Amino acid sequence: MRDVAEGADELTDLDLITRWKGGDQRAATLLVERHAGAVARFASSVGAKGDVQDVVQDTFVRAFGSLDSFRGDSSLRTWLFTIARRLLLDLRRSERRRGEQVEVQENDASTEYDSLDSVVAEETRKRMHAAVARLSKTQREVFLLRVNEGLSYKEIADVAGTTEGAARVHYHNAMRGIKEFLDE
Amino acid sequence: MNDCPNADVRDLLPDLLHDRLDKATRAMVESHVEGCADCRAELALLRDVRASLRYSPALNIAAITAAVPSYRAPVRRSWVGWRTAASVTLLLAGGSSLVVMQRVGSHSVDSAAVVAATDRAVLAEPQIAHGTESTTVAVAPQSVEPSAPRVARQPVAENPMPDVRVSDRRELALAGGSLTDLSERELSSLLKDIESLDALPSTDVESVSISPIAPSAPPRGRP
Numbered sequence: 000m001r002d003v004a005e006g007a008d009e010l011t012d013l014d015l016i017t018r019w020k021g022g023d024q025r026a027a028t029l030l031v032e033r034h035a036g037a038v039a040r041f042a043s044s045v046g047a048k049g050d051v052q053d054v055v056q057d058t059f060v061r062a063f064g065s066l067d068s069f070r071g072d073s074s075l076r077t078w079l080f081t082i083a084r085r086l087l088l089d090l091r092r093s094e095r096r097r098g099e100q101v102e103v104q105e106n107d108a109s110t111e112y113d114s115l116d117s118v119v120a121e122e123t124r125k126r127m128h129a130a131v132a133r134l135s136k137t138q139r140e141v142f143l144l145r146v147n148e149g150l151s152y153k154e155i156a157d158v159a160g161t162t163e164g165a166a167r168v169h170y171h172n173a174m175r176g177i178k179e180f181l182d183e
Numbered sequence: 000m001n002d003c004p005n006a007d008v009r010d011l012l013p014d015l016l017h018d019r020l021d022k023a024t025r026a027m028v029e030s031h032v033e034g035c036a037d038c039r040a041e042l043a044l045l046r047d048v049r050a051s052l053r054y055s056p057a058l059n060i061a062a063i064t065a066a067v068p069s070y071r072a073p074v075r076r077s078w079v080g081w082r083t084a085a086s087v088t089l090l091l092a093g094g095s096s097l098v099v100m101q102r103v104g105s106h107s108v109d110s111a112a113v114v115a116a117t118d119r120a121v122l123a124e125p126q127i128a129h130g131t132e133s134t135t136v137a138v139a140p141q142s143v144e145p146s147a148p149r150v151a152r153q154p155v156a157e158n159p160m161p162d163v164r165v166s167d168r169r170e171l172a173l174a175g176g177s178l179t180d181l182s183e184r185e186l187s188s189l190l191k192d193i194e195s196l197d198a199l200p201s202t203d204v205e206s207v208s209i210s211p212i213a214p215s216a217p218p219r220g221r222p
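Line by line, the protein sequences give chains A and B.
Per numbering that gives the first Met the number 0, the very first residue in the first sequence carries number 0; after that it's consecutive.
Per numbering that gives the first Met the number 0, the very first residue in the second sequence carries number 0; after that it's consecutive.
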């Protein structure tokens, strides 16, 4: 068998899954490296704070534990987002039961996005953070899945447990809200 | 910042940003954006948002991959095993049912015999049952023909028998519950039969207890 690291970029997610099932643990590492960043971004956008690493790790552990149920109808990344979202909801529910603060505060976003593209001006970055932070939780989730991850409305609906039409409405409302904020 | 009235193109701007459009659609959208200031502004906004928020959080990839389990193929259920188990269960259930049915059948014969004997006792009561203490009805299954009570309990009106013997008519009258249907000769014959009984059961049907006897000890007075 060809070393999985060779030409890993050409290998699809399904190829890597097949190799992992064949006992190639390196294929699992490649899948983690390929999707962990996106899962972390998504987790942050839907409220993960200091527990991003735990959420991402649990997401992959669960995903690999049930990869036999992944039929490839959606992309692996979308499936991972769905798992991460469920994990976060469970986490937030248990925190709520314990009476902990679960709402994402506006300044949380600023601390979450410390690692910035140096090309982007600081002022623009701050304004964008502020604009996105004003959105409702659902609008923010849908908007960031659409703009940051490039998911289709259908994929967003699968992840967020809503309909394609509702995802489209949330996206356009979010875009209108951001424009209004930036025009103020 | 205004919204372009072409909602279809605006919908596709994030896909243009992520290069998820097919060649023809991409050409169409790019052509529109080129001549539309609102769409150019919106596309620039999307690029800014993406650049601002598409951060890379510090992740310990090694820890994540170390936690990922090795593949374990799901345990396949053996259909042969299930079929065998189902077959054995069916056989056991069927066998048990047969045994139960046989037992119920023999018990129903006993019950039929008891009913027949009880009926006779009820008939005999006005004549001779006074002063009799609670009596055990001893019935041997072999001593009673099960067909007799069954015939007697069939509805007469629905299936009248054109050629009925005297004894049968008597049984039919008993089933109907009316002695007036019997002729005088039949009544006297019935009384003779009753008088020939040397073991008189209790007239109280509720207190009748059943104790089947062994075949080696037939009821007294019967051959």
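These are calculated hints, taken from the structure and not from any lab test.
Treat the hints loosely; a few may be bogus.
[Unchecked claim] Covered stretches of chain B (in silico footprint by chain A; criterion: 3 or more residues with CB under 8 Å from a CB of chain A, positions within the stretch not fixed):
(1) 38-47
(2) 89-102
(3) 182-194
[Said to hold, decoys possible] Below, a list of computed lysine to aspartate or glutamate pairs in the EDC-like style, where the Cα atoms sit at most 16 Å apart:
(4) A:K153 x B:D14
(5) A:K125 x A:E183
(6) A:K153 x B:D47
(7) A:K178 x B:D37
(8) A:K153 x A:E94
(9) A:K48 x A:E94
(10) A:K178 x B:D14
(11) A:K20 x A:E94
(12) A:K153 x A:E163
(13) A:K125 x B:D47
(14) A:K178 x B:D2
(15) A:K48 x A:D14
[Unchecked claim] Computed footprint of chain B on chain A; a stretch qualifies when at least three of its residues, placed anywhere within it, have a C-beta under 8 Å from a C-beta of chain B:
(16) 8-15
(17) 61-67
(18) 86-92
Just so it is clear, the structure is predicted and the values come from calculations on it, not from any experiment.
All C-beta atoms in this analysis are idealised placements derived from N, C-alpha and C, irrespective of residue type, glycine included.
To see whether the hints hold, each was checked on the structure:
no.	hint	result
1	38-47	holds (count 4)
2	89-102	violated (count 0)
3	182-194	violated (count 0)
4	A:K153 x B:D14	holds, 13 Å
5	A:K125 x A:E183	holds, 15 Å
6	A:K153 x B:D47	violated, 24 Å
7	A:K178 x B:D37	holds, 11 Å
8	A:K153 x A:E94	violated, 30 Å
9	A:K48 x A:E94	holds, 13 Å
10	A:K178 x B:D14	violated, 19 Å
11	A:K20 x A:E94	violated, 35 Å
12	A:K153 x A:E163	holds, 5 Å
13	A:K125 x B:D47	holds, 11 Å
14	A:K178 x B:D2	holds, 9 Å
15	A:K48 x A:D14	violated, 33 Å
16	8-15	violated (count 0)
17	61-67	holds (count 4)
18	86-92	violated (count 0)
Consistency note: the structure conflicts with the earlier hints numbered 2, 3, 6, 8, 10, 11, 15, 16, 18.
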